[in-house]
Amino acid sequence: AQKVTQAQTEISVVEKEDVTLDCVYETRDTTYYLFWYKQPPSGELVFLIRRNSFDEQNEISGRYSWNFQKSTSSFNFTITASQVVDSAVYFCALRGNDMRFGAGTRLTVKP
Amino acid sequence: ETGVTQTPRHLVMGMTNKKSLKCEQHLGHNAMYWYKQSAKKPLELMFVYSLEERVENNSVPSRFSPECPNSSHLFLHLHTLQPEDSALYLCASSQDEGSAGNTIYFGEGSWLTVV
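Same order as they appear, the protein sequences are chains A and B.
The numbering used here puts the first sequence at residues 1 to 111.
The numbering used here puts the second sequence at residues 1001 to 1115.
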């Protein structure tokens, strides 16, 4: 069975701090994809990144970076120099035979 | 402009009402989905349509009835709902249903309150 664990339920930081959101997954599929989504208060889940199981290269996009480590089954997300607009719920997801979402981490960035 | 649009954004309905949620995707995708998001619960997949055919129904009560008239439109018909059905209902689409590599794109959701 597939499972995604986001152990951090809520995180609060002050603007300009760096913050890392953790994601740990379980799967028996040999080919799978990992995703991160952002959900602002408006409700829409905004797609941020997709990573396949064969590509362990880390990725950086502006202030966002992702660290995929297959050895520890983790796909962590770091926001550098956080801003108030980063406040949202962030979901990690795993897709193999089906799609599983983590419970989400609510990030609050205070001015 | 978002690729997946949902209407209405907010809906309040009584338990005896009949209403519908509408979803339209402008991405040329073949698969569409309904998800339910309740407070303190993970996202729940409700229905999956691929090329207008329902391919998955995750034990959803019959008071929720989906309809997919074409690959761009998806409806969720609501009838005699319960207060515990109050939630955010998210529509989504992807290029195909079967491929794990296809990204699922979501709409803004319809906030439903059953009174």
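Keep in mind the hints are simulated off the structure, nothing from the lab.
Careful, some of the hints might be misleading.
Stated by the list, open to error - In the SDA-like style, the derived pairs of lysine to any residue whose C-alpha atoms are separated by at most 20 Å in a straight line are: (1) 1041(B) - 15(A); (2) 1040(B) - 10(A); (3) 1041(B) - 70(A); (4) 1019(B) - 1115(B); (5) 3(A) - 1019(B); (6) 70(A) - 43(A).
Said to hold, decoys possible - Quick look at which bits of chain B chain A covers, simulated, 3 or more residues with Cβ under 8 Å: (7) 1097-1104; (8) 1107-1115.
Said to hold, decoys possible - Pulled from the structure, derived: some chain A residues nowhere near chain B, Cβ distances all over 10 Å: (9) 1; (10) 7; (11) 52; (12) 61; (13) 65.
It should be emphasised that the depicted structure is a prediction, and the values quoted were computed from it without experimental measurement.
Even glycine gets a Cβ: it sits at the ideal position worked out from N, Cα and C.
Results of checking the hints against the structure:
1. 1041(B) - 15(A): violated, 28 Å
2. 1040(B) - 10(A): Judged against 20 Å, a Cα distance of about 12 Å means the pair holds.
3. 1041(B) - 70(A): violated, 27 Å
4. 1019(B) - 1115(B): holds, 13 Å
5. 3(A) - 1019(B): Since the Cα atoms of residue 3(A) and residue 1019(B) sit roughly 34 Å apart, the hinted pair is violated (cutoff 20 Å).
6. 70(A) - 43(A): violated, 31 Å
7. 1097-1104: holds (count 4)
8. 1107-1115: Coverage by chain A holds for the segment 1107-1115 of chain B (4 residues, Cβ < 8 Å).
9. 1: Per Cβ check, residue 1(A) is outside 10 Å of chain B; nearest 14 Å; holds.
10. 7: holds, 14 Å
11. 52: violated, 6 Å
12. 61: Check passes; 15 Å lies beyond 10 Å.
13. 65: holds, 19 Å
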